[in-house]
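Given the sequences, and given the hints that come with them, work out the whole structure.
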Amino acid sequence: MEISVLGFGASPIGNVFDPVDEKEGITAVHYALDQGVNFFDVSPFYGITLAESRLGKAHEGSRKNIILAGKCGRYNLHRFDFSRKKILKRIDESPTRLKTDYLDLFQLHDIEFVDKAILIEEVVLEIQEVVKSGKARFRGITGLSAR
1 MEISVLGFGA SPIGNVFDPV DEKEGITAVH YALDQGVNFF DVSPFYGITL
51 AESRLGKAHE GSRKNIILAG KCGRYNLHRF DFSRKKILKR IDESPTRLKT
101 DYLDLFQLHD IEFVDKAILI EEVVLEIQEV VKSGKARFRG ITGLSAR
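Quick note: the sequence shown uses the working numbering, first residue 1, plus one each step.
Bear in mind the hints are in silico, worked out from the structure with no lab data behind them. Hints are supplied without guarantee of correctness; some may be wrong.
Stated by the list, open to error - Pairs of lysine-lysine, DSS-like flavour, derived with a Cα cap of 30 Å:
id, residue 1, residue 2
1, 132, 116
2, 64, 99
3, 132, 85
4, 57, 132
5, 116, 64
6, 57, 85
7, 57, 99
8, 116, 99
9, 116, 86
10, 89, 23
11, 132, 89
12, 99, 86
13, 135, 99
14, 57, 116
15, 64, 23
16, 23, 132
17, 86, 132
18, 23, 85
19, 57, 86
20, 116, 89
21, 132, 64
22, 89, 64
23, 57, 89
24, 135, 86
25, 135, 116
26, 23, 135
27, 132, 99
28, 85, 116
29, 64, 86
30, 99, 89
31, 57, 135
32, 23, 57
As the list claims (entries may be wrong) - The calculated label-pair distances, taken between Cβ atoms and stated as ranges, are:
id, residue 1, residue 2, range
33, 140, 64, 15 to 25 Å
34, 27, 132, 12 to 22 Å
35, 115, 11, 22 to 32 Å
36, 89, 2, 28 to 38 Å
37, 84, 30, 30 to 40 Å
38, 78, 9, 29 to 39 Å
39, 62, 118, 30 to 40 Å
40, 30, 121, 38 to 48 Å
All figures in this text were calculated on a predicted structure; none of them were measured in a lab. From the three backbone atoms N, C-alpha and C, an ideal C-beta is built for every residue, glycine too.
Here it is as structure tokens:
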């Protein structure tokens, strides 16, 4: 499967910027699917898991046609937890909310907020284990701009 030129960032359907009615959010996902968008990016941080739940409802029945990217590590504006325990908890909980058995891409969310030694020595190894387990196909990182 090829990734679409445009992706769908799911933070708005988690009420991150403004309140969005659930039906309106699901309609937006369906519209994106109809337009050929197949890459969907979401985090438990977006609406404190609301975006994951809504995206799971919206794509039900079309999982084989989409690429789901999830995240771990950031859980609110000022709280980060890249511990092994939290990473494993996320890879178990997020797919459940997303109504899937696996994520295509599992990302470390905003890595500039974690100690670099911990990131290199521990976190990268944990996320590699998630991929080996089959709960995610690929791993990645995200970050805020340095400026």
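Task: Structure versus earlier hints, numbers of those that do not hold, lowest first - done: 5, 8, 14, 16, 18, 34 and 38
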